[in-house]
Amino acid sequence: MDAREIIARRVARELKSGDLVNLGIGIPTMVANYIPSGVAVFFQSENGIIGMGPVPQEGMENEDMTNAGGMYVTALPGAMAFDSAMSFGFIRGGHLDVTVLGALQIDEKGLLANWMIPGKMIPGMGGAMDLVTGAKRVIVAMTHTGKGTPKIVEKCDFPLTSVRPVDLIVTELAVIEPTENGLLLKELAPGVSVEEVVNNTRAELIIPDTVPLMDL
Amino acid sequence: MRVINKDELAGLISSGSSIMVGGFLGCGSPDRIIDILISSGTGELTIIANDTAFPEKGVGKLIVSKLVRKVIASHIGTNPETQRQMISGEIEVELVPQGTLAERVRAKGVGLGGVLTPTGLGTVVERGKQIVAVADKRFLLELPLGADFAIVKAKKADYYGNLTYALTARNFNPLMAMAAKCVIAEVEEIVPVGSIGPEEINTPGVVVDYILVGRNSGGC
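From first to last, the protein sequence lines stand for chains A and B.
Letter 56 of the first sequence, counting from 1, is numbered 56 in the working numbering, and no numbers are missing.
Letter 2 of the second sequence, counting from 1, is numbered 1002 in the working numbering, and no numbers are missing.
Watch out, some of these pointers could steer you wrong.
Said to hold, decoys possible - With a cut-off of at most 25 Å between alpha-carbon atoms, the simulated DSS-like pairs for lysine-lysine come out as follows:
(1) A:Lys109 <-> A:Lys147
(2) A:Lys120 <-> B:Lys1070
(3) B:Lys1156 <-> A:Lys120
(4) B:Lys1137 <-> A:Lys109
(5) B:Lys1137 <-> B:Lys1006
(6) B:Lys1070 <-> A:Lys136
(7) B:Lys1066 <-> B:Lys1006
No lab work stands behind these hints: they were computed from the structure.
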């Protein structure tokens, strides 16, 4: 299982039936492929739909039906389409149960930076600031390091996405929960040692005597 | 509302105008109107849109054609040309969180003096903005955003100019259709009045000034 699949599978286990869920671009999008059987969630795409379905078969694309990454998707029976103001009304108004996003950096308070690297890359925040500020639960799905450089750091160098801390960090090495006392190491991926997580993290971790194995 | 052809459209919008453009990464963008602006060389534009799409799609084509002086958008990451022009100083970019952009446009269209949002508090978005406390909660005051023109894309119109949108091609279109001095809608077809049901109409014809038939029209 590659790193991205481990992350997506573990995040999928956080979702509960009836949840309204928004998945970001990249690894977060893959979460939809691993929803446990018996769990039925509603996917929102911030470009204007609740009830987004999978990528259509070739030849069945509708140019008026895309996701927030501009890819062709489908609308499931019972889906609703709406404008951007209503879409962000769901997000800001406390109606979105879970948002899953990627990260450039995340600090020991759980604060996220994911929209620009000054002087290098300025894609813009898109919907990320609203999602992190407004969703009931914010889950970060990311590789533990970026080209070997730890993404979990004492303090973010890059501009913050929100001053609201995220609720859970899932990487291919571990599950980490930002708490009032700091970053709590909650689970280890199969075959990963505490030492390996610590060596790839540039922030203090709270390490319990026993750390459970990640259930995939 | 009046139905116009491409020559009339080219004469409507002058260089230096501010234009709101509907669409999300090109989905639901008025492609034919954009092409007409490009062929007529209407430049020095201020563009308000969710994003700058891709170099070959939607708003992205205006950027590549160097017709844009300033962009107000939530995301430019899918169009490397926007970032290149921004870094070289050819274009000014104002980044606005997507939900805030939608609400600023909506506020203009519905006559509000601004909106109070928690989004952006404590980040660089906060700079230069007024913070308002309401019942012990802090918010940013975000101001209304209007434009000289809104160019929107709808699935179809009737001859009153009532518009209906398809699926995720709706996005910013109905909000922008309320927020500009002159509203030009590109539609795939115009159907008889009454054939779009009242509950299907998302933008009433009373706010639409001009209609240009886009695809399936055979040109005009």
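We went through each hint and held it up to the structure:
no.: 1; hint: A:Lys109 <-> A:Lys147; verdict: 23 Å, holds
no.: 2; hint: A:Lys120 <-> B:Lys1070; verdict: 20 Å, holds
no.: 3; hint: B:Lys1156 <-> A:Lys120; verdict: 42 Å, violated
no.: 4; hint: B:Lys1137 <-> A:Lys109; verdict: 21 Å, holds
no.: 5; hint: B:Lys1137 <-> B:Lys1006; verdict: 50 Å, violated
no.: 6; hint: B:Lys1070 <-> A:Lys136; verdict: 35 Å, violated
no.: 7; hint: B:Lys1066 <-> B:Lys1006; verdict: 21 Å, holds
When the structure is compared with the earlier hints, violations turn up for hints 3, 5, 6 and for no others.
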